[in-house]
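Keeping the supplied structure of chain A fixed, place chain B upon it in accordance with the hints.
2 protein chains.
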Amino acid sequence: MEPIMTNRIVVAKTHIDGAPKVTDFEVKSQVLVQSAQPAGSVVVRNLYVSIDPYQLNRLKSDCSRQRYSKLTPAIAPGEEIDCYGVGKVVASGDPEYQEGDLVAGLLTWGEYCVLKPAGSMFRKLDTMGFPLSNHVGALAISGLAAYAGLFDVGKAKKGEKVFVSAASGSVGHMVGQFAKLHGCYVVGSAGSKAKVELLKEKLGFDDAFNYKDATDLKATLKKYFPDGIDVYFDNVGGAMLEAAIDNMNTFGRVAVCGVISQYTGAGRKAAPNLVDVVYERLAIKGFVAADFMAVFPEFISKACEHISSGKMVSMEDISIGLDSIPSAFVDLFSGGNVGKKIVQIAQE
Amino acid sequence: MEPIMTNRIVVAKTHIDGAPKVTDFEVKSQVLVQSAQPAGSVVVRNLYVSIDPYQLNRLKSDCSRQRYSKLTPAIAPGEEIDCYGVGKVVASGDPEYQEGDLVAGLLTWGEYCVLKPAGSMFRKLDTMGFPLSNHVGALAISGLAAYAGLFDVGKAKKGEKVFVSAASGSVGHMVGQFAKLHGCYVVGSAGSKAKVELLKEKLGFDDAFNYKDATDLKATLKKYFPDGIDVYFDNVGGAMLEAAIDNMNTFGRVAVCGVISQYTGAGRKAAPNLVDVVYERLAIKGFVAADFMAVFPEFISKACEHISSGKMVSMEDISIGLDSIPSAFVDLFSGGNVGKKIVQIAQE
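Protein sequences appear in the order of chains A and B.
Its first residue numbered 8, the first sequence is counted upward by one per residue in our numbering.
Its first residue numbered 8, the second sequence is counted upward by one per residue in our numbering.
Check the hints yourself; a few may be wrong.
Identical copies go unnamed one by one, so any copy, or any two together, can satisfy a pair.
[What the hints assert, rightly or not] In silico BS3-like pairs for lysine-lysine, Cα to Cα no more than 27 angstroms straight-line:
no., residue 1, residue 2
1, K123, K200
2, K229, K77
3, K164, K131
4, K200, K318
5, K225, K162
6, K131, K162
The set of hints was computed from the structure by calculation and includes no laboratory data.
Pulled out of the complex, with its shape left as it was, chain A reads as follows:
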């Protein structure tokens, strides 16, 4: 690392309370002086960073007032935005890390970040021969969310019927593939004809439908699940959750991974029929992948095996360059991405 260098980071210009716009963000330059870094810290050149819908919740004006602000800390306008990613150490004040080491963990929406390795999931990365981008998507938090949500939260068993919404998204496309490989019947919903084709043809879903074409979601689910749904992997909330509850089998499980319909404040909140919840003895459980780090080794071992053998596809949607981050993020909320949304900030 040069003793003095310029870093460019993407920041929010204001709090964002509705759907995000590209103009809500700007690129800010900052000067990094190596000698000014805190003792024991590491300077990382960010290579691939994760673009996730939940970040929007951190940018809202009322975020710091949320009870779970420790889990998803507020990001103030102008402040560095941390995110999961893969990078390379360019300078190290920690004897555990050397210049040139590949690392994974909480980096930033920036060209470089400076961090203390302890905590924040930061670790040296063994690529195991997989592309670096896989270690931001299928082999990272999105994949873990799919695996733990499906098996630990949803308790999906062989032969059961699984429905997944936002099925071509970062988590959804992994859920469907894990479920298929486990011997489940899987149907996914997505927001375009192309995505639906992809789910059926490339990812091996038993079936898929475009929710935008469905005038009656309850009837649509009834058509795809004449014998009911055992596990619903929910990424969206809203009307889709209501329709799924309406079609759940007795003792069915809903694993709620995300609620994208609520994040922008655009959709109405789901009001599932609780009489169904009681009489069908349904369980609706929210979860976050970070609670399942104990499952990480098991998940990684299975995912690597499936991807290596060609039974599983890590679907990625990669934009190039730091300046593409705002549009990559904004696109998430209009269904622009197919698979895991990643920005490649620099080449290895």
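Just chain B, lined up with the frame of chain A:
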């Protein structure tokens, strides 16, 4: 039993789709001819019968179309209405039962019922020295719902904070007492000042409030649970569930036992904040007591011990006579009952 006798039963005159009215019911006479009863059947004089809100769901016009119509079979207008109760055998075609035996199980809203003992939870009743009415309430399905819902579904642990709605009702007043005896902090909501006093003074709740006085349920719960709710035992659904979700602690559990706000179609459905459900990793689980018959012996042993020692009160609200059934039932939906609603049809 006389060879020919008259039975009087309460039936619905029509399907009931809104709040029930006394005039929705009528008393019908039928002639019971002993020699005409099916072989192996038993004739029971009903003594105490249970009056439960869920029966309304069985009387609705669309009930037979529900997926769970097997669990809660539709009751057509004019048809006998089965219900849990305690009675005495007056004639028996089953060698296991003798005239004069006390029995418990699914009887009817009638002076007499004729049934085949196999199934329908029908059994000889050992009163163990407790009043017969206890065997319709605290020592029967309502008590089991409280016990299993609190411990098996809600997983309440010593020191945790428990909120129960409809806390002076048949199930609620047992929930609160079981929770207190388990070392939990317990607050209940009810619909009158008198009920609130009863919860605090007679049943040992740590605190209680009249939900009708609360203009802001979220703020009210925040006041009673400054450190959050660990277990919410839900009997009502609607706005109270939303408010509870808003106040749940991380990894909190909601045990949904009933949804009285939805039964009459009067209240709006709960639209809990799913972002809270995800980030706080909440579990919302519906259940029915009948799934927990394996827990029945453990529950009965604890409940008998607590009631005998005076640590637990079986609160009962008993109306007298078959003709009081319609008003007893209707009153459930306007909060007329305090404790378990029972009708004494005849004296032992």
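Status of the hints after comparison with the structure:
For the identical chains of this complex, K123 and K200 are neighbours neither inside a copy (45 angstroms) nor across copies (57 angstroms), given an alpha-carbon limit of 27 angstroms. In this assembly of identical chains, K229 and K77 lie within 27 angstroms of each other by CA distance solely across copies; the values are 19 angstroms between and 40 angstroms within a copy. Neither within a single protomer nor between protomers do K164 and K131 lie at most 27 angstroms apart by alpha-carbon distance, with minima of 34 angstroms and 40 angstroms respectively. Taking the closest pair of Cα atoms, K200 and K318 come within 27 angstroms of each other only inside a single copy of the chain (23 angstroms); across copies the shortest separation is 64 angstroms, beyond that limit.
For the identical chains of this complex, K225 and K162 are intra-copy neighbours only, at 23 angstroms inside a copy versus 32 angstroms across copies, given an alpha-carbon limit of 27 angstroms. For a Cα distance limit of 27 angstroms, the shortest separation of K131 from K162 qualifies neither inside one copy, at 32 angstroms, nor across copies, at 39 angstroms.
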